[in-house]
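Colleague: Quick note, the sequences are listed as chains A and B, same order. Residues in the first sequence are numbered from 1 upward in steps of one, following the UniProt record's numbering. Residues in the second sequence are numbered from 1 upward in steps of one, following the UniProt record's numbering.
Please note that a few of the clues may not be correct.
[Claimed, not checked] Partial list, computed: chain B residues near chain A (C-beta under 8 Å):
(1) L32
(2) E130
(3) A282
(4) G304
[Unchecked claim] Computed list of lysine to aspartate or glutamate pairs in DMTMM-like fashion (alpha-carbon distance at most 20 Å, straight line):
(5) A:K241 x B:D277
(6) B:K241 x B:E385
(7) B:K241 x A:D277
[What the hints assert, rightly or not] Ranges between beta-carbon positions, derived for each pair:
(8) A:S380 x B:E285: 44 to 52 Å
(9) A:H284 x B:H403: 19 to 27 Å
(10) A:D30 x B:T233: 48 to 56 Å
(11) A:S380 x B:V414: 55 to 63 Å
The set of hints was computed from the structure by calculation and includes no laboratory data. None of the values given here were measured: they were computed from a predicted structure. For every residue, glycine included, the Cβ atom is placed at its ideal position computed from N, Cα and C.
Number of protein chains: 2
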Amino acid sequence: MNGYRDLRVALLGCGSVGAQVARLILEHGDELAARIGARLTLSGIAVRNLDSPRDVELPRELFTTDAERLVQGADIVIELMGGIEPARALITQALQGGADVVTANKALLAEHGPELFEAAEQVGAQLSYEAAVAAAIPILRPLRESLAGDHITRVMGIVNGSTNYILDRMDRFGDSAEDAARVASELGFLEADPTLDVEGYDAAQKATILASIAFHTEVPVDAVHREGITGITAAQVEAAKSAGYVIKLLAIAERITSSDGVDGVSARVYPALIRRDHPLAAVHEGKNAVFVEAEAAGELMFYGAGAGGAETASAVLGDLVSAARRHVVGGPGIAGSLHAELPILPVGEVNTAYQIMLDVRDEPGVLAAIAGVLAEHGVSAASVEQSVAQGGGARASLVIGTHVAREADLAATVDALRTADRVLSVTSVLRLEGAE
Amino acid sequence: MNGYRDLRVALLGCGSVGAQVARLILEHGDELAARIGARLTLSGIAVRNLDSPRDVELPRELFTTDAERLVQGADIVIELMGGIEPARALITQALQGGADVVTANKALLAEHGPELFEAAEQVGAQLSYEAAVAAAIPILRPLRESLAGDHITRVMGIVNGSTNYILDRMDRFGDSAEDAARVASELGFLEADPTLDVEGYDAAQKATILASIAFHTEVPVDAVHREGITGITAAQVEAAKSAGYVIKLLAIAERITSSDGVDGVSARVYPALIRRDHPLAAVHEGKNAVFVEAEAAGELMFYGAGAGGAETASAVLGDLVSAARRHVVGGPGIAGSLHAELPILPVGEVNTAYQIMLDVRDEPGVLAAIAGVLAEHGVSAASVEQSVAQGGGARASLVIGTHVAREADLAATVDALRTADRVLSVTSVLRLEGAE
Chain A
1 MNGYRDLRVA LLGCGSVGAQ VARLILEHGD ELAARIGARL TLSGIAVRNL DSPRDVELPR
61 ELFTTDAERL VQGADIVIEL MGGIEPARAL ITQALQGGAD VVTANKALLA EHGPELFEAA
121 EQVGAQLSYE AAVAAAIPIL RPLRESLAGD HITRVMGIVN GSTNYILDRM DRFGDSAEDA
181 ARVASELGFL EADPTLDVEG YDAAQKATIL ASIAFHTEVP VDAVHREGIT GITAAQVEAA
241 KSAGYVIKLL AIAERITSSD GVDGVSARVY PALIRRDHPL AAVHEGKNAV FVEAEAAGEL
301 MFYGAGAGGA ETASAVLGDL VSAARRHVVG GPGIAGSLHA ELPILPVGEV NTAYQIMLDV
361 RDEPGVLAAI AGVLAEHGVS AASVEQSVAQ GGGARASLVI GTHVAREADL AATVDALRTA
421 DRVLSVTSVL RLEGAE
Chain B
1 MNGYRDLRVA LLGCGSVGAQ VARLILEHGD ELAARIGARL TLSGIAVRNL DSPRDVELPR
61 ELFTTDAERL VQGADIVIEL MGGIEPARAL ITQALQGGAD VVTANKALLA EHGPELFEAA
121 EQVGAQLSYE AAVAAAIPIL RPLRESLAGD HITRVMGIVN GSTNYILDRM DRFGDSAEDA
181 ARVASELGFL EADPTLDVEG YDAAQKATIL ASIAFHTEVP VDAVHREGIT GITAAQVEAA
241 KSAGYVIKLL AIAERITSSD GVDGVSARVY PALIRRDHPL AAVHEGKNAV FVEAEAAGEL
301 MFYGAGAGGA ETASAVLGDL VSAARRHVVG GPGIAGSLHA ELPILPVGEV NTAYQIMLDV
361 RDEPGVLAAI AGVLAEHGVS AASVEQSVAQ GGGARASLVI GTHVAREADL AATVDALRTA
421 DRVLSVTSVL RLEGAE
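With these hints in hand, go ahead and build the complete structure from the sequences.
Modeller: This is the structure we're talking about:
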């Protein structure tokens with residue numbers, strides 16, 4: 001068409017996302033060529049098994065099992081195999097050969113991002129990965145480019161659709177944790193081994209990517225404080241609901257200053273209470289959203305599908321067009337930028353608020369005793385509610401909402417409450433985010 | 001610092017946005033230089049009156065009244081004067097001289113976008129205007145770049161903060177239209193002449209910009225079907241609420257196919273009912289949000305501040321960094337892309353649903369008569385509700401929700417109902433959007 005030059009695109013992997021990417025490249029060829037100023041030629045699709053069934057009917061001659069050879073002749077390599085190897089070796093090979101790389105491989109980026117960014121930078125190639133966080137939602141490009149003149153202070157995302165589906169069912173339909181997980185599993189929201197999702201590993205990988213882009217700092221996935229949703233009970237969800245909150249699993253990347261004055265970054269994943277009128281509270285089912293706070297821009301939110309073959313393919317195509325345009329117009333590629341090198345601070349240095357539920361002996365002086373424990377740790381109560389006594393007159397249930405304080409002090413307060421006089425048990429501890 | 005080259009930035013206008021832009025350039029100089037690879041030098045600020053008070057204290061020697069001269073030596077010109085002239089002449093001068101231009105001037109873009117895009121393209125300069133729609137929210141760049149490999153089918157935005165503030169007060173506090181407008185005015189949400197906001201002119205300007213970016217087609221502002229919020233009553237808001245809806249002023253840009261098979265674009269602004277669980281329903285006060293539907297990506301939403309000096313300045317700075325990086329790395333600039341040249345179709349060709357409220361004589365056969373009128377026009381009812389009779393037994397109030405149909409048929413249905421037997425009056429007609 002119109003004498004456009006050709007750009008050879010090698011696709012590695014042909015699962016639900018890869019098949020859609022191949023379809024879009026083939027079906028929208030003319031339109032993509034008009035937007036790019038060059039024609040994309042799908043030079044091949046590397047797969048493990050030539051005979052596996054595909055979501056989309058694709059020309060058989062495109063398939064190959066020789067990924068290494070396919071990468072050799074490519075201008076742009078799209079890696080959608082997942083996993084660490086051979087994805088890492090193939091991406092490195094591609095970048096070293098000067099090809100641009102588009103990937104959705106969050107695990108690989110979380111583990112080996114810096115070395116891949118460096119490989120890209122050495123040859124001026126581009127490594128882009130919009131689809132690695134929150135699938136279809138354009139979030140990495142806006143963070144990097146649209147907010148390039150602003151100071152991002154906090155990024156707070158619902159970035160795992162499976163756990164959001166479970167928590168949303170518990171909240172909206174009153175499901176038990178087990179029932180919600182079973183439905184999620186039946187609908188394909190959960191993997192056979194759900195640990196990656198429910199223990200927050202997947203969200204932690206995305207937190208490292210968000211933190212590194214927002215703060216230009218390498219954030220190893222091991223440095224992300226991680227708590228999953230397996231401890232969340234129907235009773236907690238119900239109590240949250242009646243108090244005007246909803247529980248969401250949040251991946252948070254934040255600029256913080258430690259108690260001894262060190263400016264740094266916190267990256268963490270945990271289930272937390274969000275006020276029901278917060279924009280993140282309206283994120284239902286398997287949807288994702290990323291809430292961003294910046295010094296000048298204020299509060300922004302990006303919302304959309306967090307999974308799905310076609311949805312994720314949309315983000316891959318956006319990166320592909322960007323890489324292809326770079327081949328046409330020139331200029332160095334964009335990879336990671338880790339120039340700020342801020343220290344990663346432990347979760348104890350974070351400022352947050354706690355909601356603590358506890359059963360106490362219903363005696364005179366119990367509130368004073370508890371207030372004393374809080375005061376000892378420099379924590380003050382924003383609210384104290386006494387709920388109906390459970391199973392007889394001798395016990396009462398208390399719900400304490402604290403003011404914002406240092407996480408370490410809040411955690412120490414809870415430890416002290418567990419052994420405090422007249423306290424029978426601490427029944428729930430949840431952080432409250434997005435309030436201030 | 002570090003031998004970076006200098007880029008000369010000329011700022012035209014120093015209102016609430018301009019003052020913040022100047023502050024950010026001056027205060028964040030080192031950081032911007034690190035991100036750009038060049039140092040931004042604010043070469044001057046053109047104002048009408050050197051002695052006007054400013055929101056931010058700025059070096060007096062930067063100010064000048066000679067905008068033309070300031071533009072001459074600039075690498076990048078930031079236009080924040082507003083209005084058509086002299087902004088248009090100065091931007092044209094800047095582009096013709098090869099400077100990149102960043103502007104937030106939606107009125108100018110809506111009126112003269114195509115000629116400015118052409119001026120930019122002729123010299124390979126960049127014209128960017130992220131701040132012109134929904135202030136701080138990164139929406140234009142994601143539409144253009146992140147979704148570059150996808151097909152956008154509909155863009156639906158709350159893009160005017162003033163009218164959203166009014167409608168939100170009416171919805172949440174039960175204010176009358178007059179009371180809500182008075183509060184909005186007192187809080188500075190409304191201009192002295194509120195016509196631009198409440199009659200939907202401002203939203204229409206933004207609709208042309210959104211439509212032209214989403215569909216690569218020139219959409220003159222006169223081609224935008226426009227209805228304001230002045231006809232919206234407290235009774236309508238209340239009725240919407242009790243039926244599970246909220247009324248929002250929407251700017252809609254949509255790919256549609258006319259009844260005779262022509263593929264084209266619809267751009268329109270009107271108040272419409274949105275289901276309360278739609279993400280746009282949670283956009284309160286003066287906030288903005290843009291809901292995007294794309295073939296592969298599905299539903300996306302971008303949410304944030306729709307006004308404010310610092311907030312708007314954040315978007316201007318994002319464009320400034322992008323333009324400055326282009327000076328460093330080379331490559332042609334991005335301006336408008338109107339290559340698709342789709343026809344603009346009249347509002348009658350749009351598919352939507354109506355909610356029609358009417359007072360009727362409470363007699364046998366009245367429902368059959370009304371159903372007959374609908375059927376004649378090929379419109380079918382999704383729901384019919386009879387509310388409590390008002391002021392005596394002879395009258396009843398009906399609320400009819402239609403299925404999706406052609407706007408022209410729906411409008412004709414309403415016209416026919418007005419004169420139909422047993423119908424006393426049509427008391428409210430509102431479109432229902434975002435349902436399907």
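Colleague: It remains to establish, for every hint, whether it holds in the given structure.
Modeller: Verification of the hints:
no., hint, in the structure
1, L32, "holds (6 Å)"
2, E130, "holds (7 Å)"
3, A282, "holds (5 Å)"
4, G304, "holds (4 Å)"
5, A:K241 x B:D277, "holds (17 Å)"
6, B:K241 x B:E385, "holds (15 Å)"
7, B:K241 x A:D277, "holds (17 Å)"
8, A:S380 x B:E285: 44 to 52 Å, "violated (30 Å)"
9, A:H284 x B:H403: 19 to 27 Å, "holds (25 Å)"
10, A:D30 x B:T233: 48 to 56 Å, "holds (50 Å)"
11, A:S380 x B:V414: 55 to 63 Å, "holds (59 Å)"
Comparing the model with each numbered hint stated earlier shows that hint 8 is the single one that does not hold.
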